[in-house]
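Protein chains in written order, with our numbering: chain V, 124 to 534; chain Z, 40 to 392.
I should point out that these hints are in silico values taken from the structure, not numbers from a laboratory. Hints may contain errors.
[To be verified] Mimicking DSS-like on lysine-lysine, the simulated pairs with C-alpha atoms at most 27 Å apart in a straight line are:
| id | chain 1 | residue 1 | chain 2 | residue 2 |
| --- | --- | --- | --- | --- |
| 1 | Z | Lys-276 | V | Lys-301 |
| 2 | Z | Lys-131 | V | Lys-329 |
| 3 | Z | Lys-165 | Z | Lys-103 |
| 4 | Z | Lys-80 | V | Lys-433 |
| 5 | V | Lys-521 | V | Lys-441 |
| 6 | Z | Lys-141 | Z | Lys-165 |
| 7 | V | Lys-397 | V | Lys-325 |
| 8 | Z | Lys-138 | V | Lys-325 |
| 9 | V | Lys-325 | Z | Lys-131 |
| 10 | V | Lys-521 | V | Lys-397 |
| 11 | V | Lys-222 | V | Lys-441 |
| 12 | V | Lys-441 | V | Lys-493 |
| 13 | V | Lys-325 | V | Lys-222 |
| 14 | V | Lys-329 | V | Lys-360 |
| 15 | V | Lys-325 | Z | Lys-73 |
| 16 | V | Lys-222 | V | Lys-329 |
| 17 | V | Lys-360 | V | Lys-433 |
| 18 | V | Lys-329 | V | Lys-493 |
| 19 | Z | Lys-80 | Z | Lys-165 |
| 20 | Z | Lys-276 | Z | Lys-103 |
| 21 | V | Lys-301 | Z | Lys-138 |
| 22 | Z | Lys-141 | V | Lys-329 |
| 23 | Z | Lys-138 | V | Lys-329 |
| 24 | V | Lys-397 | Z | Lys-165 |
| 25 | Z | Lys-103 | Z | Lys-73 |
| 26 | V | Lys-433 | V | Lys-397 |
| 27 | V | Lys-441 | V | Lys-360 |
| 28 | V | Lys-222 | Z | Lys-351 |
| 29 | Z | Lys-351 | Z | Lys-367 |
| 30 | Z | Lys-270 | V | Lys-222 |
| 31 | Z | Lys-73 | Z | Lys-165 |
| 32 | Z | Lys-138 | Z | Lys-165 |
[As the list claims (entries may be wrong)] Where chain V lies over chain Z, by a calculated footprint (3+ residues, C-beta under 8 Å):
| id | region |
| --- | --- |
| 33 | 138-149 |
| 34 | 282-293 |
| 35 | 343-354 |
[What the hints assert, rightly or not] Which chain Z residues stay away from chain V? Per the calculated CB distances, all over 12 Å, these:
| id | residue |
| --- | --- |
| 36 | Arg-93 |
| 37 | Asp-135 |
| 38 | Tyr-153 |
| 39 | Phe-178 |
| 40 | Glu-181 |
On a predicted model such as this, the values are computed, not experimentally measured, just so you know. Ideal Cβ positions, reconstructed from N, Cα and C, are used throughout, including at glycine.
Spelled out, the chains give:
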Amino acid sequence: MPCRIFITGSGIISGIGKNLYETLSSLMEGRSGIGRIRLLQTALRDEIPVSEVGFNHTELFELAGLSPQEGYSRNALFGIIAATEASRQAGIGSGDPIKTGLISATTVGGMDQCELYYNDFLTNDSRNVYIESYDCADSTEKIADHLGIRDYVTTISTACSSSANAILLGARMIQSGKLDRVLAGGCEALTKFHLNGFNALKILDKEPCKPFDEGRNGITLGEGAAYLVLESEESLKQTHNTVLAELVGWGNSCEAFHQTASSPDGVGAYLAMKKALEMSGLLPEAIDYINAHGTGTDNNDLSEGRAIEKLFGNHIPKISSTKPFTGHTTSAAGSTEAILSILCIQQQVIWPNLNFRVPIRDLHFSPVQKLLTHVPVHAVMSNSFGFGGNDTSLIFKKFTSSHSPSQPATS
Amino acid sequence: MSYINGIGLISPQNTYENNEFLQNIMEQNADYLKCVEPVYKNFIDPILSRRMSRLIKMGITSAKICLADAGEIQPDAIITGTGLGSVEDTEKILGDITKEEKFLNPTPFIQSTYNTISSQIAIILKCHGYNSTYVHRSFSFESVLQDAIMQLEEGTADHILAGGIDEMTMNHLQITRRLGLWKTGPVSNLRLLEEPGPGALAGEGSAYFLVSGEPNENSYAQLIGVETIYKPSSREKLFLHVREFLESHQLNTGDIDLVLTGVNGDVNWDFLYQDFLSELFPGNAAAWYKHLCGEYHTASGFGLFTAANILKHQVYPEILALNTNSPKDFKYILLYNHFRNVNHSLILLRAIS
């Protein structure tokens with residue numbers, strides 16, 4: 124029997140808070156992070172809303188506990204802040220000998236500084252340190268060095284499912300016995316680069332996004348970072364950490380349909396969810412809540428909705444997209460929403476799908492519209508789908524020590 | 040068990056036709072080594088390829104060459120490693136947005152996302168299986184191989200298309216020359232060690248491998264293990280790690296018939312390979328390959344092509360040799376690569392019979 128994967132730490136920064144506590148408060152109070160662009164230097168600032176992390180570079184250094192220095196992208200600072208919060212909760216860095224890896228995800232990497240200094244790159248040596256920090260691995264290595272993680276380090280980029288795939292890989296590496304503990308997640312800072320890229324694709328809403336609404340009109344981008352700590356049973360015996368939830372299923376599948384569009388029936392989404400569900404051993408009716416990818420584009424919400432209807436039939440769980448809170452944090456969305464899903468299990472709540480009014484004509488369900496409290500939430504599915512049809516689904520379950528015959532030392 | 044059952048390689052050498060193994064070596068006196076590219080319309084529908092940037096075409100084509108080499112096997116999973124993705128597309132967007140944020144063409148943006156190569160291959164092959172992309176400097180390709188080996192161990196796939204791909208452009212070369220990474224002007228790739236100096240010779244390439252759970256008559260080699268070592272705290276720690284890696288496969292340093300190193304002609308960093316060889320493998324045959332492909336984040340793809348062919352054909356092209364040791368047969372080859380003492384990696388292969 125494959126070993127169990129326990130979640131024992133989480134850290135997050137996004138437009139709705141600089142840590143887990145603030146994130147939870149915003150969710151409970153229905154406070155969205157979406158608004159007018161304040162920090163990003165872009166010609167689109169008055170046209171397109173986003174969910175920005177409201178701290179400038181200097182303030183982010185302070186939050187990260189670092190003195191301001193050259194060579195740090197906003198992206199890396201987000202990563203350090205969230206990864207440090209997760210590590211502290213799980214006691215990574217306490218000097219224990221547990222074999223620990225870092226699997227991080229990003230797509231624009233250090234582009235936030237690169238695009239500011241690109242003309243210098245072309246003409247002079249004044250910003251060379253940012254040439255080195257523009258690639259995807261830079262933020263990962265800065266996080267690893269900050270936290271002293273050495274046993275395994277890699278970076279994944281599968282567009283908007285990147286950090287879900289980082290979590291999936293972390294779980295697989297624990298099951299394969301290569302690592303006992305993994306810090307997994309992703310970071311993404313807003314850039315002119317991808318704001319303009321999405322805008323050129325004409326899939327950005329000029330108002331806050333309205334996932335699963337008949338009148339939805341596209342994505343609202345966000346930024347931030349989110350990391351989880353995954354531990355094996357062996358690791359848990361040493362750390363005696365409190366288990367926040369258990370990761371019981373994952374599935375990765377490719378649409379193989381189109382570079383930027385989902386297939387009409389969501390074949391990739393369906394296969395990813397199906398794989399995750401089969402692996403978890405849960406029946407469809409055992410899933411209490413789906414934290415949907417729900418970007419707010421015409422294409423995604425319809426095909427994701429159809430895939431959910433196909434897989435769950437008459438047992439469609441409660442569904443919401445939390446992107447109207449955080450915006451679409453692209454590579455950080457998978458781990459951000461994994462944490463929001465785990466919060467549902469911990470708090471026995473279900474987050475509302477803000478900005479929803481009218482159900483999609485071709486679907487038979489409506490998302491959750493008001494915060495639900497005191498609801499039993501035992502198992503949650505979290506979906507993350509990306510450009511190129513890179514679709515990943517994760518299932519988290521409430522921790523009970525009786526799941527397998529070999530019980531962990533702690534509970 | 041993992042086996043290399045097919046290879047497709049587009050490189051600065053004559054490799055894409057897959058019908059010879061380093062027989063007609065290309066000498067380039069150049070700022071960087073550029074790939075010898077096939078005519079893409081022989082591999083990709085011109086209607087599809089019209090808007091594809093060069094890296095995407097290289098990736099798809101080398102993947103197709105690999106699958107043809109493997110006997111047209113449909114893979115169950117596709118995994119790609121790339122340090123930088125499509126540099127050409129990224130530069131296009133940066134050039135545009137730093138002038139004016141208007142009338143941006145969406146195609147370069149789509150193609151600049153790192154996972155485009157893996158997903159374009161999936162679209163062409165209609166492969167709905169596991170699909171992922173690693174983007175960690177000189178761990179990118181090694182992470183791919185580690186993932187592929189795990190897939191086979193998990194039993195979730197029988198055949199995995201695993202690749203490493205990066206491109207260079209003159210613009211990117213000029214930018215990264217500021218960091219002292221490269222030679223400052225054109226040099227001959229075949230005289231790299233004769234005129235020692237700082238900086239490597241940059242290169243590029245796209246290498247795909249079919250990694251399968253069972254060997255067949257076409258198999259090149261058994262892929263025994265892959266290890267990445269991040270910032271070893273001392274050279275002793277690194278050497279210990281190498282010994283432990285070999286021991287975990289019931290081997291010691293004397294069992295390795297050939298050590299294929301990532302020596303790249305940069306005197307600032309090549310001394311680490313010399314230390315590695317003299318400390319761990321003083322009597323073993325040692326070789327290099329980056330004078331043939333140049334230095335890039337996924338250059339160990341070219342290295343794996345080289346090692347796999349040596350093992351399959353039991354030939355040792357003279358151009359590769361770093362010393363005069365030459366074993367009678369080749370059973371075990373160890374690849375060792377490092378990028379500026381940060382990303383160290385080991386790939387261990389064994390001959391099939």
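Hint check:
Note on Lys-276/Z and Lys-301/V: the hinted pairing holds, with a Cα-Cα distance of about 19 Å set against a maximum of 27 Å. At roughly 26 Å between alpha-carbon atoms, Lys-131/Z and Lys-329/V fall within 27 Å of each other, so this suggested pair holds. Taken as a hint, the Lys-165/Z and Lys-103/Z pair is honoured in the structure, with Cα atoms around 13 Å apart against an allowance of 27 Å. Taken as a hint, the Lys-80/Z and Lys-433/V pair is broken in the structure, with Cα atoms around 39 Å apart against an allowance of 27 Å.
At most 27 Å may separate the alpha-carbon atoms for a hinted pair to count; Lys-521/V and Lys-441/V meet this at roughly 17 Å. Restraint check: the Cα-Cα separation between Lys-141/Z and Lys-165/Z comes to about 35 Å, which exceeds 27 Å; the hinted pair is violated. For the hint linking Lys-397/V to Lys-325/V, the alpha-carbon distance of about 31 Å lies beyond 27 Å, and the restraint is violated. Between the alpha carbons of Lys-138/Z and Lys-325/V the distance comes to roughly 20 Å, so the proposed pair stays at or under 27 Å and holds.
Under the criterion of a C-alpha separation no larger than 27 Å, the hint pairing Lys-325/V with Lys-131/Z is consistent with the structure, at around 19 Å. Proximity of Lys-521/V to Lys-397/V is assessed by CA-CA distance (about 20 Å); at most 27 Å being required, the pair is judged to hold. About 38 Å separates the Cα atoms of Lys-222/V and Lys-441/V, which puts this hinted pair outside 27 Å; it is violated. Distance check on the hinted pair: Lys-441/V and Lys-493/V sit about 12 Å apart at the alpha-carbon level, within 27 Å; holds.
Between Lys-325/V and Lys-222/V the CA atoms are separated by roughly 45 Å; this puts the pair beyond 27 Å, and the hint is violated. For the given pair, Lys-329/V sits about 50 Å from Lys-360/V by alpha-carbon distance, which is inconsistent with the 27 Å threshold. Under the criterion of a C-alpha separation no larger than 27 Å, the hint pairing Lys-325/V with Lys-73/Z is inconsistent with the structure, at around 36 Å. Distance hint between Lys-222/V and Lys-329/V is unfulfilled; the C-alpha atoms sit about 46 Å from each other, more than 27 Å.
Under the criterion of a C-alpha separation no larger than 27 Å, the hint pairing Lys-360/V with Lys-433/V is inconsistent with the structure, at around 41 Å. Of the pairs offered as hints, the one joining Lys-329/V and Lys-493/V holds, with about 24 Å between alpha carbons and a cut-off of 27 Å not exceeded. Straight-line distance between C-alpha atoms of Lys-80/Z and Lys-165/Z comes to about 20 Å, which keeps the hinted pair within the 27 Å bound. Between Lys-276/Z and Lys-103/Z the alpha-carbon distance is near 41 Å, which puts this suggested pair outside the 27 Å criterion.
Proposed proximity of Lys-301/V and Lys-138/Z is contradicted: the alpha carbons are some 47 Å apart, above 27 Å. Simply put, Lys-141/Z and Lys-329/V have alpha-carbon atoms about 16 Å apart, close enough for the 27 Å limit, and the pair holds. Annotation: proposed proximity of Lys-138/Z to Lys-329/V holds, straight-line Cα distance about 23 Å (limit 27 Å). As the CA atoms of Lys-397/V and Lys-165/Z are separated by approximately 18 Å, the hinted pair is consistent with the 27 Å bound.
As the CA atoms of Lys-103/Z and Lys-73/Z are separated by approximately 20 Å, the hinted pair is consistent with the 27 Å bound. Distance hint between Lys-433/V and Lys-397/V is fulfilled; the C-alpha atoms sit about 10 Å from each other, no more than 27 Å. Distance check on the hinted pair: Lys-441/V and Lys-360/V sit about 35 Å apart at the alpha-carbon level, beyond 27 Å; violated. Between Lys-222/V and Lys-351/Z, the direct Cα distance comes to roughly 36 Å. Violation of the 27 Å bound is thereby established for this hinted pair.
Simply put, Lys-351/Z and Lys-367/Z have alpha-carbon atoms about 14 Å apart, close enough for the 27 Å limit, and the pair holds. The suggested pairing of Lys-270/Z with Lys-222/V holds, with an alpha-carbon distance near 15 Å, which does not exceed 27 Å. In summary, the hint linking Lys-73/Z to Lys-165/Z is not supported, as the alpha carbons are separated by about 31 Å, beyond the 27 Å threshold. Distance check on the hinted pair: Lys-138/Z and Lys-165/Z sit about 39 Å apart at the alpha-carbon level, beyond 27 Å; violated.
A stretch counts as covered by a chain when three or more of its residues have a beta carbon under 8 Å from one of that chain; for the region 138-149 of chain Z and chain V the count is 8, and the coverage holds. Here the region 282-293 of chain Z counts 0 residues with a CB under 8 Å from a CB of chain V, which misses the bar of 3, and the coverage is violated. Counting residues of the region 343-354 of chain Z whose CB lies closer than 8 Å to any CB of chain V gives 0, which falls below the minimum of 3, so the coverage claim is violated. At roughly 16 Å from the closest C-beta of chain V, the C-beta of Arg-93/Z stays outside 12 Å, upholding its exclusion from the interface.
Against chain V, the non-interface label of Asp-135/Z is violated: not every CB pair exceeds 12 Å, the least being about 8 Å. Not every CB of chain V is more than 12 Å from the CB of Tyr-153/Z (nearest about 4 Å), against its label as outside the interface. With a closest Cβ-Cβ approach of about 5 Å to chain V, Phe-178/Z is found to fall inside the 12 Å limit, against its non-interface label. Annotated as non-interface, Glu-181/Z brings its C-beta within 12 Å of a C-beta of chain V; the closest such distance is 9 Å.
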